[in-house]
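**Q** Next come the chains, spelled out residue by residue.
4 protein chains.
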Amino acid sequence: MNLSGIISYPITPFTQDGKNIDFNALGLSLESLLEQGSDAIAPLGSTGESAYLSTKEWREVAEYTVKKVNKRVPVIVGISELTTEAAVENARFAQQVGADAVMVIPVSYWKLTELELFDYYQAISDAISIPIMAYNNPATSGIDMSPELLVKMFHQIPNVTMVKESTGDIQRMHKIKLLSEGKLPFFNGCNTLALEALCAGASGWCTAAPNLLGVAPKHLYEQVKAGELNKAQTLFYQQLPTLTFIVGVGIPKVVKAGLKLLGRDVGLARKPLGDITEQQQTQLKALIHQFVRGG
Amino acid sequence: MNLSGIISYPITPFTQDGKNIDFNALGLSLESLLEQGSDAIAPLGSTGESAYLSTKEWREVAEYTVKKVNKRVPVIVGISELTTEAAVENARFAQQVGADAVMVIPVSYWKLTELELFDYYQAISDAISIPIMAYNNPATSGIDMSPELLVKMFHQIPNVTMVKESTGDIQRMHKIKLLSEGKLPFFNGCNTLALEALCAGASGWCTAAPNLLGVAPKHLYEQVKAGELNKAQTLFYQQLPTLTFIVGVGIPKVVKAGLKLLGRDVGLARKPLGDITEQQQTQLKALIHQFVRGG
Amino acid sequence: MNLSGIISYPITPFTQDGKNIDFNALGLSLESLLEQGSDAIAPLGSTGESAYLSTKEWREVAEYTVKKVNKRVPVIVGISELTTEAAVENARFAQQVGADAVMVIPVSYWKLTELELFDYYQAISDAISIPIMAYNNPATSGIDMSPELLVKMFHQIPNVTMVKESTGDIQRMHKIKLLSEGKLPFFNGCNTLALEALCAGASGWCTAAPNLLGVAPKHLYEQVKAGELNKAQTLFYQQLPTLTFIVGVGIPKVVKAGLKLLGRDVGLARKPLGDITEQQQTQLKALIHQFVRGG
Amino acid sequence: MNLSGIISYPITPFTQDGKNIDFNALGLSLESLLEQGSDAIAPLGSTGESAYLSTKEWREVAEYTVKKVNKRVPVIVGISELTTEAAVENARFAQQVGADAVMVIPVSYWKLTELELFDYYQAISDAISIPIMAYNNPATSGIDMSPELLVKMFHQIPNVTMVKESTGDIQRMHKIKLLSEGKLPFFNGCNTLALEALCAGASGWCTAAPNLLGVAPKHLYEQVKAGELNKAQTLFYQQLPTLTFIVGVGIPKVVKAGLKLLGRDVGLARKPLGDITEQQQTQLKALIHQFVRGG
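Protein chains in written order, with this note's numbering: chain A, 1 to 295; chain B, 296 to 590; chain C, 591 to 885; chain D, 886 to 1180.
These are computed hints drawn from the structure, not numbers from a lab.
Predicted, not measured: the structure shown is a model, and the values here were computed from it.
Yeah, the Cβ is synthetic: ideal placement off N, Cα and C, and Gly gets one too.
Accuracy of the hints is not assured; some may be wrong.
Selected chain B positions facing chain A (in silico; Cβ < 7 Å) [what the hints assert, rightly or not]: (1) Tyr347; (2) Ala422; (3) Arg565.
Derived DEER-like restraints, expressed as beta-carbon distance ranges [to be verified]: (4) Glu148/A with Gln871/C: 51 to 57 Å; (5) Glu1163/D with Gln283/A: 55 to 61 Å; (6) Lys285/A with Thr1162/D: 58 to 64 Å; (7) Met296/B with Gln880/C: 31 to 37 Å; (8) Asn820/C with Asp265/A: 58 to 64 Å; (9) Gln283/A with Ala434/B: 29 to 35 Å; (10) Asn525/B with Glu148/A: 28 to 34 Å; (11) Glu704/C with Ala434/B: 25 to 31 Å; (12) Gln279/A with Asn525/B: 40 to 46 Å; (13) Ala717/C with Lys526/B: 32 to 38 Å; (14) Lys526/B with Glu85/A: 46 to 52 Å; (15) Gln880/C with Pro536/B: 28 to 34 Å; (16) Asp421/B with Pro1126/D: 55 to 61 Å; (17) Gly772/C with Asn319/B: 53 to 59 Å.
Covered stretches of chain B (in silico footprint by chain C; criterion: 3 or more residues with CB under 8 Å from a CB of chain C, positions within the stretch not fixed) [unchecked claim]: (18) 391–405; (19) 466–475; (20) 502–516.
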């Protein structure tokens, strides 16, 4: 698996009462992301409110997404479970329904030691035969995996073949690059670091931004690859205020609110997450206006 | 409800294969905590691995504990759920089986705004008629509730009547005291802050320590209440190395390992949590030795 | 030297043009602090704007203070110098003019290793024969000395016999107590931690508060020593809003503004420090009102 | 003044007893930096131990450097003073002896408000007619100036025309760029962020690295400007371990130790700064070996 470019994160749309998944809206979301040039689709990530779904819902979304994307691009299914057993079961299920890879974040109530984290990934790797993208995002998961641990798992656990780094600390990427002698592909998961991560050698950008910014993230990626730094800077600084807003206010609720502003009602994020405020809606409208025209 | 003193946190014992709850061992644990002079029992807290249990298991532990304690002291059932819906359902269940109060920590994958946190507690309060202890522990939950928010909820949400503060920052307790004009009872949830929290006016100490330290925590509480500061200091500094060890290595696994060292096998913590190392076992043995003799 | 209680920090008054020291006002300040029951006087600390004085000014204040206090209580002269050479020279001068001890904070532009910090204190100790209070306050000095280092210096450097801990982290005091087996006297330098530090065994409270709060800090100290915890709590929570204000806005400028409000004009803090705002003056007036009446 | 590229920071060499400045060695250092392609020279920065010099020494170094560089490239003199008065005096002196600009960092014992910082820069600007580079480096100065403040000073204080950002947080540069609409030139002062800062639009890189790495930093700058990202990455990752070492161990002592390894004895850093350890010398030797050959 040789992944690069824009890995897009669909939201999980709910019906108006918030109780059921709106698969029709999910299908439209997936088609839209593919039209924007996504190089891979990653359902059930942070954006997809993975952690707030029941096991049954999670499985339905995984299965539906794989079928809908239908091999047009790779599908990387997100797993964020508290217990090893649940993570292993979900990983098995993802492989069974045809996922190309899983992206695993070790959510935890209690902090985990490096040994416990290693065993967690080892147990998942033992249960499947598709690649694992180790996903580090302490701001949401409460667990911080060092570059040293990530590279160690890459060397010692067969299916751990990629990393998604979301701390926003570029020095982590530097360390991964040096420690693995450039062999461990790393992806950027911090939207406001996109330009620099790509310049530092990230293989791609994992992002929910294409939901609202259309082809703009893909264009940024392409200009960096072409060495057109001035154009890349222009594109990045155009997107930055919107990226900052999305991240600052909260990805799922902003993306859902933004899609509604764009005429596509996908329901609200699941409680305790609420809706964005009216003032934030006004700000968001102004921010995404330019991208709609250009998109 | 006029709660004070030592609120003890039982572990949730598992069978050797880790798959089932060992209710016999749970019963022994509860009896032991009552014998040590616990002023209340709080099952399904952080110590009880609440977050790692299935809904069915969680309910069985809640029901079993209430029955076993049988009104000898109040039972405060811990709730740590990602979605509002699950928290409300568990709170209703706790009340239904006879819990005296619930202790609620707003675990979350995404950060929550103050409004979202308020609504979360409001929804739970609306569903029950027993007191709620709002539990702030950002190190495990990823969410930090300010003293301002806690006091606001105390004033505006009927059943929010107590706070458990576990940040370890004594200034939070100062603020709660000043902002509520001394009316909001706060409990200390940071073991290594026990002496100072009690001296600053905490109503009690929420702790798993009695599982391993027997009556020592209760004695500390009593000496502070008696104004015997020198004796309280002596007791606190005796317990401090053990408290530091328990917190530093991780409460459920250390308490379980300690109970095994004391001759009571309660299984391991649930994966991804592992066992403590052999070196840690040696340290723990030395630490708890003195309290066993004294207990 | 067996120091305990309230160690008071005088400001360094300037003339109206800010260029010269107003020794008359300094004398009045010292007398006032002695009247409030200070157990020691510490000129040229953070409060005394030590870092903003020329070498000549610093020496004049040291000499003047020792003479004025005239052995009524111990005088502990503060030293905050960037280079070892300047610190050694000032320490020698302080001893020569009759200081009872020096309080040394290793201000530095570059971070220092533990070895460099040790050598710094060693060099000062070698140059004098009076006690050194090692002063840790990373918020102002940029250098954080661990409890381990402080206890090591206490054991290995002859004149290092006391510690002033100003991080506000009570766990530092716990560690100093345990590591030194209760033998290293530690003083609290964080005003808003006064109650708890004293309850945890601090020998005293190093504070500028008596400048504005009169005998109130001394009363708090006495009630803790008497085991009158309820009274101590009442006194502490009465003083806490004012202590929080003083620390939050900045000690020298608040103390100087407060003294002016009390009818004693001691000039402004030296630039770049400015005056407090009008709004802050109104707040400060309300805060210190109660203590003036009582004082 | 249209500054860009590599702004090199000379050390301040001392004689073997550490008491005097070795101007001969300083001259050789300056010539060497000019030979490596430096686009500007910045004496008396952090690297130059500015904070540890007497006023007399500081002035001699400023004057000597301007004369020695003799208009071959701009000279930007560093000012790091605690009081406004001393900063103003040094700025005046720098202009008088022919400096092209001053770089000002508001070192302080007490934290400063935004108003106090603004007034500090305003007072310096009022005293001179050459450009001021506002230098933000909270790790050494203890004061953190927000992008909002920096841009405000750029708009409102005539001589503040450039910023050196050394927090290592690329988001600060993003904000400066957006808030000033690209008009405020910013320079990177965090060595391990050099690649990304230049890619994000930094006008140049302020660095002591050319002292040990020769032309390598200049080459990195040139490749980024040419849009040769792959080459720039290769150059950056080659330099990164050495940059990390220099910053981690401490710039002045590592640069001085490195120069000695290269055959140029410039004395030690001034106490309390010590020498690097033998183990560090071995590491440093290995690190700089490759650049010596290439340089």
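**Q** Checking each numbered hint in turn, tell me which of them this model violates, lowest number first.
**A** Of the numbered hints, 2, 10, 12, 13, 15, 17, 18, 20 do not hold.
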